[in-house]
Each structure stands twice: as C-alpha cells, then as structure tokens.
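Asker: Chain by chain, the residues run as shown.
Protein chains: 2
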Amino acid sequence: MPEEYQLKVIGWIESDLTQVEKAPPQGAGSGQEAWLILEPQYAEGLDGIQVGDHLLVLTWLHLAERWPLKLPPHGNHQMPARGVFGTRSPHRPNPIGVHLVEVLAVEGNRLRLCGMEAVDGTPVVDIKCVLH
Amino acid sequence: MPEEYQLKVIGWIESDLTQVEKAPPQGAGSGQEAWLILEPQYAEGLDGIQVGDHLLVLTWLHLAERWPLKLPPHGNHQMPARGVFGTRSPHRPNPIGVHLVEVLAVEGNRLRLCGMEAVDGTPVVDIKCVLH
Numbered sequence: 103m104p105e106e107y108q109l110k111v112i113g114w115i116e117s118d119l120t121q122v123e124k125a126p127p128q129g130a131g132s133g134q135e136a137w138l139i140l141e142p143q144y145a146e147g148l149d150g151i152q153v154g155d156h157l158l159v160l161t162w163l164h165l166a167e168r169w170p171l172k173l174p175p176h177g178n179h180q181m182p183a184r185g186v187f188g189t190r191s192p193h194r195p196n197p198i199g200v201h202l203v204e205v206l207a208v209e210g211n212r213l214r215l216c217g218m219e220a221v222d223g224t225p226v227v228d229i230k231c232v233l234h
Numbered sequence: 103m104p105e106e107y108q109l110k111v112i113g114w115i116e117s118d119l120t121q122v123e124k125a126p127p128q129g130a131g132s133g134q135e136a137w138l139i140l141e142p143q144y145a146e147g148l149d150g151i152q153v154g155d156h157l158l159v160l161t162w163l164h165l166a167e168r169w170p171l172k173l174p175p176h177g178n179h180q181m182p183a184r185g186v187f188g189t190r191s192p193h194r195p196n197p198i199g200v201h202l203v204e205v206l207a208v209e210g211n212r213l214r215l216c217g218m219e220a221v222d223g224t225p226v227v228d229i230k231c232v233l234h
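Just so you know, the protein sequences line up as chains X and V, in that order.
The working numbering puts the last residue of the first sequence at 234; the count rises by one with no breaks.
The working numbering puts the last residue of the second sequence at 234; the count rises by one with no breaks.
Pulled out of the complex, with its shape left as it was, chain X reads as follows (with noise of 0.2 angstroms):
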C-alpha cells in the first residue's frame, strides 16, 4: 500500500475571516458567509447544485501544524491532553477541514456559502452532497 498519496487542490476560499485565531470552531455553525473559487477545470463539477442545498466542503487546512498527537482540550493547559483524534483540532497528521454548508449562490464556477469557517486563502479538496 502506498504511503502517500496526491491531494489535488481544487479551489480556495475568498473570505473577509484572515486571521486564523479568529477562526469559529469547525462544525460551531457561526453563520460566516465566504465564497469558494473552483479551479476553472474543475467548474463542471458544480452543474446541478442549487440554491439551499446543504454541502460538506473538505479544505486542506494549511495554516495548521502536523503535530502533535495529542493535545490540551481548547488549548486550555490546565486540563490534560487527549489524542489529537478525539478531537475537532486543526492541528494533525492530514490537517483535513470537514465544513458543513449551505449554499447562498451559484455564479459560474463560484458558490457563496454560509457556515464556511475557514481563512481567506485556504485550499479547498473535496464538496460532496449531505445526505439526510
């Protein structure tokens, strides 16, 4: 089995969130309004999806560390560290986002989204249907 393998970008994140410290916790339905940008080649991909409909747009978060497995709850030092994978951290071996969305608009090869919690530039890798 390889023990690699290749993460194509597909788009990025245009989003007035620059500052990751300020950055609502993944999954924390914060209502952050963002655009994501598909790469023109990748704009096909898109036809279908409407206005209303629910996502989950995975991102590459590339601003996190790879490390370490584990970690304070909340970065709160006081408590003890638990394992990365128990976690919602941003910081671990494949630093992947998991963003639940909704879509606000489709323009071409852009999607204005709601609950897009992640900082202006971030890669994006995958969007998927939710299924109820």
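Think of the hints as simulated: they come from the structure by calculation, not from any bench.
Any given hint could be a false lead.
Which chain X residues face chain V? A few, computed with CB under 7 angstroms, are given here [to be verified]:
id	residue
1	Glu106
2	Gln108
3	Leu109
4	Ile112
5	Asp149
6	Gly150
7	Ile151
8	Trp162
9	Trp169
10	Lys172
11	Leu173
12	Pro175
13	Met181
14	Arg184
15	Gly188
All C-beta atoms in this analysis are idealised placements derived from N, C-alpha and C, irrespective of residue type, glycine included.
With chain X's structure known, arrange chain V on it following the hints.
Answerer: Chain V in isolation, oriented as in the chain X frame:
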C-alpha cells in the same frame, strides 16, 4: 499556493467487505462493522476515545477513479448526468470518503467501528470527533 499536498496514510480498514460493488453508499447507516487499524506511530492520537463515541473517519477510496466530473445519478444512465460535487460518488478528483461511525471497542491501536462502509484494505487518512 501549492497545487498538491501530500496525504499520509495513518492506518487502514480491516473488513469482511471485500467487493466494492457490495459496499453500501456512504452515509447509508448500514451498521457495517469493521476494524480500523492505526499505524503504531499514530496510536497516541487515539488517547481518550471511548466506546460509544461518534467519530468521522476520513478514508482514501483507493479503488475509485479520479474522474469524470459529471455522472448519472446512482449509475442510472437513463437519467441526466450531474456534477460530481453534488453527489456522494466515490469517483472524484480527490476520492476522500467521509464515514460517520460509532466506536464499539478500543484495543490499543485498533478501533472496532459500526457504520464503517469501506472495503477491506481502504487507507485511513484522518479521524475526528463529531460535534453535537
């Protein structure tokens, strides 16, 4: 911005499910049980995970194709093709699987999971807690 990132394989799935044709659709809540075996160097990252926890497991769907960008829904060629990013098809530019699972047992670097709908040998690339 880099056009690609290196995704590290952190573990793999050990399952009775060996044929991709028999794998239930992602998120179908099939109750499929499987083991997740973490590479020993990442085992510390499981610290604190308990029986009954709900986790998101991210896999690399290694048997998938990385194209096309449009495909007929559920493989039904009588239906009009739609963009892959509005579907859960495993075939996509970055074939990352997102699996919502429940922990049935924790044994060192191994987790017994319910709802793990990936074939035997599927690489694992991330594990996160589920926020409620």
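Asker: Give a verdict on every hint.
Answerer: Status of each hint after checking the structure:
1. Annotation: Glu106/X was flagged as interfacial toward chain V, and the flag holds, the nearest CB pair being 5 angstroms apart, inside 7 angstroms.
2. Satisfaction of the interface hint for Gln108/X is found here, the shortest Cβ-Cβ separation to chain V being roughly 5 angstroms, below the 7 angstroms cut-off.
3. Taking 7 angstroms as the C-beta contact cut-off toward chain V, the hint placing Leu109/X at the interface holds, the least distance being around 5 angstroms.
4. The interface hint given for Ile112/X is met, as the beta carbon of that residue sits about 5 angstroms from the closest beta carbon of chain V, less than 7 angstroms.
5. Because the smallest distance between the Cβ of Asp149/X and any Cβ of chain V comes to about 4 angstroms, under 7 angstroms, the interface hint for this residue holds.
6. For Gly150/X, the suggested interface contact is upheld, since its CB lies about 4 angstroms from the closest CB of chain V, less than 7 angstroms.
7. Because the beta carbon of Ile151/X sits about 5 angstroms from the nearest beta carbon in chain V, less than 7 angstroms, this interface hint is met.
8. A hinted interface residue such as Trp162/X counts as satisfied when its beta carbon comes closer than 7 angstroms to some beta carbon of chain V; here the least separation is about 5 angstroms, so the hint holds.
9. With a cut of 7 angstroms, the hint placing Trp169/X at the interface with chain V is violated, because the nearest CB-to-CB distance is about 10 angstroms.
10. Evaluation of the Lys172/X hint against chain V yields a held restraint, the C-beta minimum of about 6 angstroms falling below 7 angstroms.
11. Contact between Leu173/X and chain V, as hinted, is not supported at the beta carbon level, the nearest pair being about 10 angstroms apart and thus beyond 7 angstroms.
12. At its closest, the beta carbon of Pro175/X sits 9 angstroms from a beta carbon of chain V; the interface hint therefore is violated under the 7 angstroms criterion.
13. Annotation: interface hint on Met181/X violated; nearest CB of chain V at approximately 11 angstroms, more than 7 angstroms.
14. Annotation: interface hint on Arg184/X holds; nearest CB of chain V at approximately 4 angstroms, less than 7 angstroms.
15. Taking 7 angstroms as the C-beta contact cut-off toward chain V, the hint placing Gly188/X at the interface holds, the least distance being around 5 angstroms.
Going down the numbered hints, you'll see the structure goes against 9, 11, 12 and 13, while the others check out.
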